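2 protein chains.
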Amino acid sequence: MKDFVYYAPTEVVFGVESEEKVAAEVLKYGGRKVLVHYGGQSARKSGLLDKVCKQLREAGLQVFELGGVVPNPRLSKVREGIELCRREGIDFLVAVGGGSVIDSCKAIGYGVVYQGDVWDFYAGKAKAEACLPLGVVLTIPAAGSEMSESSVISNEDGDVKRGYTSPYCRPRFAIMNPERSYTLPEWQTAAGVTDIMMHIMERYFTHDDDMTLTTEVAEGILRTMKDSVFEVLKDPCNYRHRAMIMWGGSLAHNGLVGCGMQDDWATHQLGHELSALFDATHGAALAAVWPSWARYVYRENVSRFVRFAVEVMGVENDYSDPEGTALRGIEAMERFYHAIGMPVNIHELIGRDLTDDEIQEMVRKCSRDYSMTQGHFKVLETKDLESIYRMAR
Amino acid sequence: MKDFVYYAPTEVVFGVESEEKVAAEVLKYGGRKVLVHYGGQSARKSGLLDKVCKQLREAGLQVFELGGVVPNPRLSKVREGIELCRREGIDFLVAVGGGSVIDSCKAIGYGVVYQGDVWDFYAGKAKAEACLPLGVVLTIPAAGSEMSESSVISNEDGDVKRGYTSPYCRPRFAIMNPERSYTLPEWQTAAGVTDIMMHIMERYFTHDDDMTLTTEVAEGILRTMKDSVFEVLKDPCNYRHRAMIMWGGSLAHNGLVGCGMQDDWATHQLGHELSALFDATHGAALAAVWPSWARYVYRENVSRFVRFAVEVMGVENDYSDPEGTALRGIEAMERFYHAIGMPVNIHELIGRDLTDDEIQEMVRKCSRDYSMTQGHFKVLETKDLESIYRMAR
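Protein chains in written order, with the numbering used here: chain H, 88 to 480; chain B, 88 to 480.
Possibly wrong hints are sitting among the right ones.
The list cannot tell twin chains apart, which means a pair is met if one copy fits it or any two copies do.
Once the Cα atoms are required to be at most 25 Å apart in a straight line, the calculated BS3-like pairs of lysine-lysine come out as [what the hints assert, rightly or not]: (1) K120 - K138; (2) K214 - K452; (3) K108 - K214; (4) K452 - K465; (5) K108 - K132; (6) K115 - K89; (7) K108 - K120; (8) K452 - K470; (9) K115 - K214; (10) K141 - K115; (11) K89 - K452; (12) K313 - K89.
Since the hints were made in silico from the structure, they are not lab data. Remember, it's a predicted structure, so these values are computed and weren't measured experimentally.
With the hints as constraints, model all of the structure from the sequences given.
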């Protein structure tokens, strides 16, 4: 068991009436001049954006709006936000949307209070020492960014997608009304749950398998997500299951399910390169890579994969054949991905085989020009990254 | 499923080396003149108290010490602390100990910044609007006060034990080194785990049983506590299981296992009166009352008790006899209590039967002079409280 720090100070206001509290929350955390950041037109069409802005203005706050954040959010939009905040003296950020909008907000927050170029943080050239305070009105459960210390930004200059982690960007509050996720299309719903489950699995596959407490909590959330996704695909307006997915998304990535365990994150890194090159949906890119990652690494700790197969995937434990049980758990996960419309390899993700050149390009970027390994469950060298992309293609 | 607010901002620093960080944490959260609050001589004998004070002084902080907190912590000690803090201009509190010391600290924190009498909060006559900031160096896992918004104080004037809840008292940080709990006697270890499990069970027995996500998390923690307590009773220096109990104690009471569910707390209220009258160990008083509470109320939601029996207590589900399964779950809990040395009724707790007068006195206080009900799973009127005490005696 590893020593750990657990710090998840975000105040979560969860439920149908939660949106009524956005102005009170901004005021509580000291906001006066507020940037409301959002994505496409769905936030406006649903009336949520106007509702939030109206409420903030009626509370006497000065409101600025900046929309247009896209999935795999872009550095150019972040720069636009930083400039706007500086020009107007904005002191609080409110993200209305999902992970992309929140991550864009976090990057703006870092950038406003930093003298240099905000990409420095994502490029590993600088460490943040502060961030403008931000709050969230969540519409898409997936990234867990509403409680996390992570953000991921794509730099169009070079098709590079990079994450940065620091406690300064933890949102002050997160307002979560599960009804706001009713209109999510099936694809985004399924990709969101895939991402949520992967945030848990990136921590679950560990050699610190003596931390039963965290393991039990992780399995409980995984089982719930696995059940709830079918209920909301069947009935998009099922409050109970939309709510469990929304809250599960936060718990999956606020640090709880990693306490005491070394986490991995290789699947995320492998998936990021797919998203950067093909603008692939994040959750779907993870599903396309995970089965190959799992088959490549499971022998590092077979009993962990056996536990996953039995406790999460409901596979019968063949005590005489642990490897067989472990592999049947991975197969069960593939069946689950297919059942919710996710790919299980890259061909299914992009509609064709990867070329050798594309594999080489992704390996180069994922290994940071052959200078860096990925993952901890099995430390992946350049040749391992290449093998997994080839298995997954 | 209920709407909810989840807010657990305490920074947890967990592990063997965590104690080295106490001065840095106090400085981070703005402390300059620090009251170190503790209980008996064990904190001094173990060297922990000196280690903490020395570290704070070497960091340039001014340190004041106040010991002598007893289990079921007293209002008189709280008043002494408030006076000391005001006299010396103390701006930060550090609790070194378990729930009693932390709760005493919280009450001091409320009192210092309040013009009236601190007991007003516990008597329900006033609402706190602030609290001096505090941090914790935890030695006894049980109360969960290191991350909770609760505190419980005993007023010697009238043998009254009362709790008060507000977000202001949430500790800024909690330093948790499981090794510090190695020297806990068997009785305190078992009573501590009983309290931890009861913090979960007070939330678990609910009519909001559609909140599967919270239910799964709760069951996972309960199962882990149930296993780990036997391991540490067998081997008090088992780091892994001491660690899981310590972290489990925080998760049990930081709000996580109540999200979306109406909580109950009747067992705690019934137990508090036993502690107030007989100075009984809190955890043991809970064990003495719970089986009777459970048998009195289980018909309000039999399927919840069936789930508890099967998923937590490992009872075989007799699908043809839900009531029988529910009752076998309660019996299994009694066997568990006995196995770890806890009582299952009040006779076992105090060594004799309660007198009728004692029952009447506890019923009067528990019902606040017959003016108040207790609990939510079943709302307990005065006559119900009396029935449960009679069943438990």
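Evaluated hints:
1. K120 - K138: Close inside one copy (17 Å), not across copies (46 Å); limit 25 Å.
2. K214 - K452: Cα proximity of K214 and K452: one copy only (21 Å, versus 57 Å across).
3. K108 - K214: For K108 and K214, the Cα distance is within 25 Å only across copies (21 Å; inside one copy 33 Å).
4. K452 - K465: within (19 Å within a copy, 60 Å between copies)
5. K108 - K132: within (21 Å within a copy, 50 Å between copies)
6. K115 - K89: Close across copies (24 Å), not inside one copy (36 Å); limit 25 Å.
7. K108 - K120: within (17 Å within a copy, 37 Å between copies)
8. K452 - K470: Close inside one copy (13 Å), not across copies (72 Å); limit 25 Å.
9. K115 - K214: between (28 Å within a copy, 18 Å between copies)
10. K141 - K115: So K141 and K115 pass the 25 Å test inside one copy only (18 Å; across, 37 Å).
11. K89 - K452: For K89 and K452, neither the intra-copy (30 Å) nor the inter-copy (46 Å) Cα distance is at most 25 Å.
12. K313 - K89: between (28 Å within a copy, 22 Å between copies)
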